[in-house]
Amino acid sequence: AQSVSQHNHHVILSEAASLELGCNYSYGGTVNLFWYVQYPGQHLQLLLKYFSGDPLVKGIKGFEAEFIKSKFSFNLRKPSVQWSDTAEYFCAVTPKTGGGNKLTFGTGTQLKVEL
Amino acid sequence: NAGVTQTPKFQVLKTGQSMTLQCAQDMNHEYMSWYRQDPGMGLRLIHYSVGAGITDQGEVPNGYNVSRSTTEDFPLRLLSAAPSQTSVYFCASSEQGIYGYTFGSGTRLTVV
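Protein sequence lines correspond, in order, to chains S and F.
In terms of the working numbering, the first sequence opens at residue 0 and continues consecutively.
In terms of the working numbering, the second sequence opens at residue 2 and continues consecutively.
Keep in mind the hints are simulated off the structure, nothing from the lab.
The reader is advised that the hints may include incorrect statements.
Covered stretches of chain F, as calculated for chain S (at least 3 residues, CB under 8 Å) [what the hints assert, rightly or not]:
(1) 14-21
(2) 37-48
Footprint (simulated), chain F over chain S, 3 or more residues, beta carbon under 8 Å [what the hints assert, rightly or not]:
(3) 19-25
(4) 49-61
Using 20 Å as the maximum straight-line C-alpha spacing, the simulated EDC-like pairs for lysine to aspartate or glutamate come out as follows [as the list claims (entries may be wrong)]:
(5) S:Lys95 with S:Glu65
(6) S:Lys60 with S:Glu19
(7) S:Lys60 with S:Glu14
(8) S:Lys95 with F:Asp39
(9) S:Lys95 with F:Glu96
(10) S:Lys111 with F:Asp39
(11) S:Lys48 with F:Glu96
(12) S:Lys95 with F:Glu31
Every residue, glycine too, gets a C-beta built ideally from N, C-alpha and C.
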């Protein structure tokens with residue numbers, strides 16, 4: 000079965016600082032990768048996704064992520080965060096084949112951006 | 002399109018009571034899932050379905066039942082609520098599970 004690790008549980012940044020959130024997965028086969036964001040009191044929204052091709056993917060609101068296959072990693076980045084980026088961020092994976100197409104999440108990273 | 006609709010948004014139950022959390026989607030998605038979200042534990046899969054009439058257990062299925070009689074609906078039943086089931090529950094659907102899921106707005110359940 001697949002698993003996802005997010006090592007940063009809480010991150011506090013000042014506005015305009017750069018952001019990088021770590022995500023590592025474990026699975027014996029190939030996977031599709033996702034980052035979801037949950038703003039306070041809201042449901043999960045898809046931030047970006049990687050299926051194949053260019054390992055650097057761009058999502059909404061200036062976020063990007065890089066898939067490094069050799070490291071089983073899919074880290075999320077943003078060059079300059081805003082106060083409105085305060086939210087919880089979840090990395091998730093699903094196997095490309097098998098696994099019942101189940102989406103498995105990491106434990107999340109709570110990001111707080113201070114003015 | 003309404004997307005994924007969950008009802009109710011909030012619910013308080015007494016220990017031992019039963020209830021059904023409703024989930025409906027209008028996107029004709031075959032794949033549907035139920036997750037619970039607890040602080041510091043992310044989202045954990047309770048049950049999922051790959052089509053009408055087909056359901057399977059996820060990571061934390063104990064205490065919950067599901068059925069999928071139509072493509073649109075995927076209700077989650079708590080037969081005898083326990084305080085450990087206090088959580089936020091999210092329903093999600095997908096056209097093809099490997100391409101990501103759309104989430105509902107959640108149900109915040111408190112069991113006292």
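How the hints compare with the structure:
1. 14-21: Since three or more residues must qualify, the claim that chain S covers the stretch 14-21 of chain F is violated, with 0 doing so at under 8 Å.
2. 37-48: It holds, with 6 qualifying residues against the three required.
3. 19-25: Coverage by chain F is violated for the stretch 19-25 of chain S (0 residues, Cβ < 8 Å).
4. 49-61: Answer violated; 1 residues pass the 8 Å Cβ test.
5. S:Lys95 with S:Glu65: Since the Cα atoms of Lys95 (chain S) and Glu65 (chain S) sit roughly 18 Å apart, the hinted pair holds (cutoff 20 Å).
6. S:Lys60 with S:Glu19: OK: Lys60 (chain S) and Glu19 (chain S) at ~15 Å, within 20 Å.
7. S:Lys60 with S:Glu14: Since the Cα atoms of Lys60 (chain S) and Glu14 (chain S) sit roughly 15 Å apart, the hinted pair holds (cutoff 20 Å).
8. S:Lys95 with F:Asp39: This hinted pair is violated, its Cα atoms lying about 27 Å apart.
9. S:Lys95 with F:Glu96: 14 Å, holds
10. S:Lys111 with F:Asp39: With Cα atoms ~19 Å apart, Lys111 (chain S) and Asp39 (chain F) stay inside 20 Å; holds.
11. S:Lys48 with F:Glu96: Holds - the C-alpha atoms of Glu96 (chain F) and Lys48 (chain S) are around 15 Å apart, at most 20 Å.
12. S:Lys95 with F:Glu31: It holds: about 17 Å lies between the C-alpha atoms, which stays within 20 Å.
Violated hints, in rising order: 1, 3, 4 and 8; the structure is consistent with all others.
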